[in-house]
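Peer 1: If you read the sequences in order, they're chains A and B.
Going by my numbering, the first sequence opens with residue 1, and the numbers climb by one from there.
Going by my numbering, the second sequence opens with residue 1, and the numbers climb by one from there.
Possibly wrong hints are sitting among the right ones.
What the hints assert, rightly or not - Every beta carbon over 12 Å from chain A, so not counted as near; a handful from chain B, in silico:
#1 Ala-79
#2 Asp-142
#3 Arg-143
What the hints assert, rightly or not - Label pairs and their in silico Cβ distance ranges:
#4 B:Ile-160 / A:Val-111: 23 to 29 Å
#5 A:Ile-104 / B:Ser-107: 27 to 33 Å
#6 B:Arg-91 / A:Arg-134: 53 to 59 Å
#7 B:Arg-206 / A:Thr-78: 43 to 49 Å
#8 A:Arg-126 / B:Ile-160: 30 to 36 Å
#9 B:Arg-65 / A:Leu-137: 29 to 35 Å
#10 A:Arg-125 / B:Asp-184: 52 to 58 Å
#11 A:Arg-134 / B:Val-54: 18 to 24 Å
By construction, these hints were calculated from the structure, which means they are not laboratory data.
We treat Cβ as the ideally placed atom computed from N, Cα and C, and that holds for glycine.
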Amino acid sequence: MEITGELKTAREMGLVGCTRCTRVSPAGTARCPRCGSVLRSRDPMTLQKVWAWWLVGLGCYAPANLYPMLETRTMTGTQSDTIIGGAVDLAQHGNWGVAIIILIASVLIPVGKFVALAGLAIGVRRGPQLSDKRRHLLYEVVDYIGRWSMIDVFVVAILSSLVQLQALASITPGRASLFFALSVIFTMLSAQAFDSRLIWDTGRREDMPGRAGRADHRRREPTA
Amino acid sequence: MRHDKMTSSAGAHTAQPVADRLERLIACPVCDVVYTVPTVESQDRAVCARCHTVLIAPRRKAGKRLIALALTVLILIVAATVFPFLAIDARGLHRDASVLQTAFAFSGAMSVLSVAVLFFIVVIPATRLALLIYVLAPLIRDRPPARWAQQAFRLSEALIPWSMAEIFALGCAVALVKLSDLADVVFGPAAWLFAALVVIVVVTDRLMCRYSIWKSLEN
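Let's have the full structure, built from the sequences with the hints guiding it.
Peer 2: Structural data, given as structure tokens:
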């Protein structure tokens, strides 16, 4: 990667950049003169907000796995499936491909999101284990994937509105779908609350919220 | 596509008035690096040298094309809401489902989800595009920005992550796969509308140059 000249952040230049419209204003300006957004060089509350949404999200993700996602009534009886139960059932019927896809989409990705968000937040506070670029990539992926998890809820809604075949078969949404939707919404809010500019501040101690002047040995060489 | 690497602003301090100088700077919204605004040709892009976020990507006649696309999507959303998108046949029984029926699949305490589903796939995408049209319409005719245009564009931008029509479209495909061994499943007219919608939403996002729109709203 070629970089022309030394890269300086708005904060280092005594300025504040607007995250909505990219306008630059002198530090201390309350609202962006171009778009009217509230200006903060770094959001001092960002980690609190991230952890608050993260905890609520995790709190909703647990019941989403314990309660049934779908209730299927057929002529042979009623069957309630949790997310993992449904995948195991498919695997036992030899449907390994679909079972693995469900496990990845509904278990691995949500759990991965929680781990990644926690890792990013801890990295800001404790000094990161990964390079800036890796953490930036992680943030981009979490931010991008977040909304796609809602697909599970949509599939449940589609199945239960479509499969209403009187005595033959009917599907009703289980309680887990509500918790799953809430969990997706809260993790999205958690990812949005994360101030991505903190990822790049690791070498600059005074930028960290809640920790002044610790761990100076982690100072990073400026990219030139 | 050519990538115009941005030059740093570090050496850009000259003896100009402060406000004027700030006018010519741009801060990366993702990593906070400041650059002097380069001249970016139509079809080119200015990309942050550190985190590779696209900062400026002007397109010729983007405003007119965006309005056309937004109107198309609005019409598609309304049509896709009322027509059935999937239909199943099993042992002589037939059943089809439209978005409206799907949204109301949840009942009782779960009806909160009905409202949420309806918002995510109909209300929020439609609102977002209506706001975009409201903001862009005066700009393409070289009129001053509409009243509350800044607030409208800010809201429209904030709604993007919550507008999930394209995710629902993929959900249709997943549901089709899941049901295929249980019954005969066929796509209804709305499924094709949703497929078109996914493509147009992607094109719309590629055409949007936020910097250019904010810049024209400022004047």
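Peer 1: So, for every hint listed, does it hold in this structure?
Peer 2: Verification of the supplied hints:
The Cβ of Ala-79 of chain B lies farther than 12 Å from every Cβ of chain A, with a closest approach of about 18 Å, so its non-interface assignment holds. With a least beta-carbon separation of about 19 Å from chain A, Asp-142 of chain B lies farther than 12 Å from that chain, consistent with its non-interface assignment. With a closest Cβ-Cβ approach of about 19 Å to chain A, Arg-143 of chain B is found to remain outside the 12 Å limit, as its non-interface label requires. At about 26 Å, the beta-carbon gap between Ile-160 of chain B and Val-111 of chain A stays in the expected band of 23 to 29 Å.
The hinted window of 27 to 33 Å between Ile-104 of chain A and Ser-107 of chain B holds, with their beta carbons roughly 31 Å apart. For Arg-91 of chain B and Arg-134 of chain A, the hinted distance range of 53 to 59 Å is satisfied, since their beta carbons lie about 54 Å from each other. As the Cβ distance of Arg-206 of chain B to Thr-78 of chain A is approximately 48 Å, the hint placing it in 43 to 49 Å holds. Distance hint check for Arg-126 of chain A and Ile-160 of chain B: the Cβ-Cβ separation is about 32 Å, which falls inside the suggested range of 30 to 36 Å.
Take Arg-65 of chain B and Leu-137 of chain A: their Cβ atoms lie about 31 Å apart, and the range 29 to 35 Å holds. Separated by about 55 Å at the C-beta atoms, Arg-125 of chain A and Asp-184 of chain B satisfy the suggested range of 52 to 58 Å. Restraint check, Arg-134 of chain A to Val-54 of chain B: a C-beta distance of roughly 20 Å satisfies the suggested window 18 to 24 Å.
Checked against the numbered hints above, the structure breaks none of them.
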